[in-house]
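Listed below are the residues making up each chain.
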Amino acid sequence: MAELKAYLDASFVLEATVTGLMNLTPAPADEDDEGGVHVVPFDIRQWLARLRLLEGVPFAYLAADSELLPRESIRFFYLDRRWTDALVQGALGVGTVSSGDRAQLEQLYDVIRDEVDDEEHRVRPVGGEGASSTSQTITGFLLRSRAVSGWPGLHVRAYDRELAEGDNAVIPEGDARRLRLLRMERLAPAVLLVLFDGVPQIVHIEEPRRGIQFGVRLDSDPDGVTFSPWIRPRDATDPQKDIADKVTVPCRPGSPGVLDFRHLNKKLLGRPDTHMSGDGVVDSAEFALEAIRFPYRQVFGDTAHPVEELLDVFRPTVFIAAEPHEKTVALTERFTAGLA
Amino acid sequence: MVQPGFFVLHPAVLPPLPAGTYTLHGEIEDIPAGPVAPLDSTITVSSPRWTMPPDQILSTFPPANSEGAYRATLPQIVLKRRTLPWERKVDANERIPWLALVVVAEGEGSLSAESPVEQCITEFTKVPQPADRDVATSVYLSVTQTVVNGIFPCKEDLELLAHVREVDLSDSELADGDDDGFLAVVVANRLPQPGFDPKVGHIPRKYLACLVNLETQLPVLPPPTPDNVLVFEFDSQALVQDLRPMAQQYVANPDAFAMGSSTSAPFVAQRDVRDRAARPTDVTDAYIGAAESVETVSHAVHTASSWSPSPAQIEQAAVSYAATDAAKLVRDAMAGSWRLPVGAITFEPVYRFPVLAHWSFTVTADGTFEQYMQNLDVGLLGTLHGDKPAQPAPTTTAGPPPDVRPAPELAETGHVGLDHLTRRGDQVRAWFRGPAAPHPTVREQAPTSGPQKGRLPFAHTSDQLRVVVPDGREDVSYAAAYEIGRLLALSQSAVVTALMRWRQEQFGAQRAALLAALAAHPVGFLDDTLFEHRTPGLGALVGRHIVLGAAKKTDAVFASSRPLVDPGRPLDFLDGNLDQVIAAGLGLDFEALQRNAKRLGIVGALVRTAVQVGAQPDPALGGPAFTGLQADLDRQVGALVAQSGRTGIGGAAADALDDLLADPEERQ
Numbered sequence: 000m001a002e003l004k005a006y007l008d009a010s011f012v013l014e015a016t017v018t019g020l021m022n023l024t025p026a027p028a029d030e031d032d033e034g035g036v037h038v039v040p041f042d043i044r045q046w047l048a049r050l051r052l053l054e055g056v057p058f059a060y061l062a063a064d065s066e067l068l069p070r071e072s073i074r075f076f077y078l079d080r081r082w083t084d085a086l087v088q089g090a091l092g093v094g095t096v097s098s099g100d101r102a103q104l105e106q107l108y109d110v111i112r113d114e115v116d117d118e119e120h121r122v123r124p125v126g127g128e129g130a131s132s133t134s135q136t137i138t139g140f141l142l143r144s145r146a147v148s149g150w151p152g153l154h155v156r157a158y159d160r161e162l163a164e165g166d167n168a169v170i171p172e173g174d175a176r177r178l179r180l181l182r183m184e185r186l187a188p189a190v191l192l193v194l195f196d197g198v199p200q201i202v203h204i205e206e207p208r209r210g211i212q213f214g215v216r217l218d219s220d221p222d223g224v225t226f227s228p229w230i231r232p233r234d235a236t237d238p239q240k241d242i243a244d245k246v247t248v249p250c251r252p253g254s255p256g257v258l259d260f261r262h263l264n265k266k267l268l269g270r271p272d273t274h275m276s277g278d279g280v281v282d283s284a285e286f287a288l289e290a291i292r293f294p295y296r297q298v299f300g301d302t303a304h305p306v307e308e309l310l311d312v313f314r315p316t317v318f319i320a321a322e323p324h325e326k327t328v329a330l331t332e333r334f335t336a337g338l339a
Numbered sequence: 000m001v002q003p004g005f006f007v008l009h010p011a012v013l014p015p016l017p018a019g020t021y022t023l024h025g026e027i028e029d030i031p032a033g034p035v036a037p038l039d040s041t042i043t044v045s046s047p048r049w050t051m052p053p054d055q056i057l058s059t060f061p062p063a064n065s066e067g068a069y070r071a072t073l074p075q076i077v078l079k080r081r082t083l084p085w086e087r088k089v090d091a092n093e094r095i096p097w098l099a100l101v102v103v104a105e106g107e108g109s110l111s112a113e114s115p116v117e118q119c120i121t122e123f124t125k126v127p128q129p130a131d132r133d134v135a136t137s138v139y140l141s142v143t144q145t146v147v148n149g150i151f152p153c154k155e156d157l158e159l160l161a162h163v164r165e166v167d168l169s170d171s172e173l174a175d176g177d178d179d180g181f182l183a184v185v186v187a188n189r190l191p192q193p194g195f196d197p198k199v200g201h202i203p204r205k206y207l208a209c210l211v212n213l214e215t216q217l218p219v220l221p222p223p224t225p226d227n228v229l230v231f232e233f234d235s236q237a238l239v240q241d242l243r244p245m246a247q248q249y250v251a252n253p254d255a256f257a258m259g260s261s262t263s264a265p266f267v268a269q270r271d272v273r274d275r276a277a278r279p280t281d282v283t284d285a286y287i288g289a290a291e292s293v294e295t296v297s298h299a300v301h302t303a304s305s306w307s308p309s310p311a312q313i314e315q316a317a318v319s320y321a322a323t324d325a326a327k328l329v330r331d332a333m334a335g336s337w338r339l340p341v342g343a344i345t346f347e348p349v350y351r352f353p354v355l356a357h358w359s360f361t362v363t364a365d366g367t368f369e370q371y372m373q374n375l376d377v378g379l380l381g382t383l384h385g386d387k388p389a390q391p392a393p394t395t396t397a398g399p400p401p402d403v404r405p406a407p408e409l410a411e412t413g414h415v416g417l418d419h420l421t422r423r424g425d426q427v428r429a430w431f432r433g434p435a436a437p438h439p440t441v442r443e444q445a446p447t448s449g450p451q452k453g454r455l456p457f458a459h460t461s462d463q464l465r466v467v468v469p470d471g472r473e474d475v476s477y478a479a480a481y482e483i484g485r486l487l488a489l490s491q492s493a494v495v496t497a498l499m500r501w502r503q504e505q506f507g508a509q510r511a512a513l514l515a516a517l518a519a520h521p522v523g524f525l526d527d528t529l530f531e532h533r534t535p536g537l538g539a540l541v542g543r544h545i546v547l548g549a550a551k552k553t554d555a556v557f558a559s560s561r562p563l564v565d566p567g568r569p570l571d572f573l574d575g576n577l578d579q580v581i582a583a584g585l586g587l588d589f590e591a592l593q594r595n596a597k598r599l600g601i602v603g604a605l606v607r608t609a610v611q612v613g614a615q616p617d618p619a620l621g622g623p624a625f626t627g628l629q630a631d632l633d634r635q636v637g638a639l640v641a642q643s644g645r646t647g648i649g650g651a652a653a654d655a656l657d658d659l660l661a662d663p664e665e666r667q
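Protein chains in written order, with numbering that gives the first Met the number 0: chain A, 0 to 339; chain B, 0 to 667.
There's no promise every hint is true.
[To be verified] Restricting the straight-line Cα-Cα distance to at most 30 Å, the calculated cross-link-like pairs of lysine-lysine (DSBU-like) are:
1) B:Lys125 / A:Lys266
2) A:Lys265 / B:Lys125
3) B:Lys125 / B:Lys88
[What the hints assert, rightly or not] Here are the simulated distance ranges between beta carbons:
4) A:Ser97 / B:Val377: 20 to 26 Å
5) B:Ser448 / A:Glu164: 20 to 26 Å
6) B:Gln55 / A:Gly269: 56 to 62 Å
7) B:Ala493 / A:Asp220: 56 to 62 Å
No lab work stands behind these hints, which were simulated from the structure alone. Built from N, CA and C at the ideal position, the CB exists for glycine as well.
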């Protein structure tokens, strides 16, 4: 075999060349983890998509006049895709020197636009994971309020139709009716910009849930000087049951904001509908149940649909099962036994 | 385990043994081997006492160093070990926790610097088993009797302010990094209210939340409010006590303050100097801290912006020191507003409570979340607030500007009229609309006819996007978008670099495709393939295909080496003089011919040479039999010649030539 030598003729070489060219695969500029092949490199694609979602665009371009976004206002809008396309064209035009460069950009622009359209949905990986539809229409709102500065971490959700469950229902995060959240960012301490993929019918804005908080509702006099705190009692045996009544909270005289828990207890005990311990002792678990304060949800939608009373009715994923006194004692004993 | 979405509240989880030192006494009696000496062994059940280990604090609300409208929320701290609030016994009722969360406003109390733990509790008070200490130094809160009565929970409240929460561990929002799903929660009893200044109204107010140890000091706590003085409202502007003005005077001139010459503190005149001498525990650090803070405090009363230290300063402290010191410095910075020499400026009894954990936060006067959300002005962008009528555009720019800023010139489409200074210097009004439009807009699509058919229009300069609208004015919205996009790209060199690199790569691919097209020019149908698939690696690809193709047909492509031409067979009889060989073959006398040639020349010699003629045919070989044999021979020779034409050259086997050559020899 040492004397082997290849003999190739021209027709054989030609045939191999032709076969090779027929099986050519385009050399992609970029391949992402999901197996997508792109002409536009990832970093450029990502940057253009972020630009499309108005990242870095000065605020004066979003609202040309401060009267368009007064204090304590929310302004919904449609995103003008021609405007954002012009933005992208301006960015792409950077560094074009010769007419060859420009001709090439023109050739590629269709592909670039499609790929950046696709990339827009990937800029923000969380928020509306269940959203199935992708729409060509992008909408959003600008919220300028002290609610933005005072409650960092607001929850914003948009749905593409009226929710049959009602405004206070707890909707799972991955609900298919949810619109994808393309961008949510505080542009200024008190200005929130949110972009949705699609046209929402209902928008929920919720107070941030930082664990579970305890608190009261405050009624104030017209001057905002004197406040009277109250809570809405809950039935200790059935925490989901609403008691449509206010219980005013006693305060310690002369100490602003200091609550008199002992008397509040007496008051709550005196109400038969709270079903607090029958043994005449209110324990702290039952008490905590009464003082839990749920996040508030504001619903924006078509006013033609009936709006339920929103204040304090909405309950997010927290359900409460308050155990009667005896069970807790048993638990303590178990714990003791475990140590021994 | 709690099912997801639920949590269970327990009033308390009591430890089997409260913290402390215990003696195990063992005696064995009545065994046959004789008496056994009793055995005493000591065990210590330890628990935090002066400082809460950081890993036991899961979360605090309000978040440390945060600012917000917390006026309707009770501050709380979440602890990791479920038994923590009940691990020390402070009362016969074992359900009363030894921990309480108190919320102290600026001016109401003083947080000490690190001090020996013996000094961290009110003077002349001793904790039981003082040897049971987790740390050597800690901090304490000094407050007057007024403040204790005002803001501390009464003994009856305490039990209600601590509970245990059992949560689903997979719910990160609730579980907060706990390991067993049980959390102890201590809640404060005070709704922190923002500050108030008659001149400017509500101002932010700082609060310090302290987790204090109540051991031995339960009797100090205020008595429960009598039933007959119940109130259901509070004055949010009232103060429990503000020691800051006095502290300011004291720091400015301690002697005058002590001697009572200070005008605003006449009662100080009776101050017993020995009293101060008897209180050596207000350590110097506290005074120094006060000197720093009081100055700023005096401003804080009047301006909302200058209260100190600001969250930014605290964050600065967090990042500007080594990690080991940062925690302490941050805590110190947060306590900055609570460095008052309480013991020196008041005649009331001053109590000290050991502080296990503390953090500060700022309460602003803003309303509640509901109020804000419900009072929002809702509309589409491009609508104005309230009933402010849209004004027509001013016809000229001359004249003094109006006092009140006019409403913007707004079109139904969401466009705003803005002053526009053209390149030629003309002052005109132009329309502008940002990316936010009140109506759905139509996106540009590729034209279906014309030279640009099927291709999206692409602008190369912003001027290509300027539009004149029917009212004669220019709409520069898209041109402005183009320009800001260009500037944003130019502002980041990484983007410019990436764009240039990409362009270069595209040119490389294009060049390779063109070269490939040239190479494959004879094969016309390849052009499409080449233009469709632009690849720089054409040469390598072709080479690979050739090798693979060759490997498939090795028998045709690979063979043993052989010369291009086979050498002929040696002809032995041709050795020697060629003339002699020819002469012999023709039956001539070679020597006679040579002799004659010398004389007559070769041609003359050949003429003169006689040719031998064969003998007459043998009569026996005539006739029809001989003719038949001759025809037979001809046929055989013809067949052999035909066969030799079919047999290929090469190969080791004897070929037709060999046969043909061998044949005459056999005949001979």
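### Task
Against the structure, test the hints numbered earlier, and report the numbers of the ones violated in rising order.
Structure breaks hints 1, 2, 4, 5, 6.
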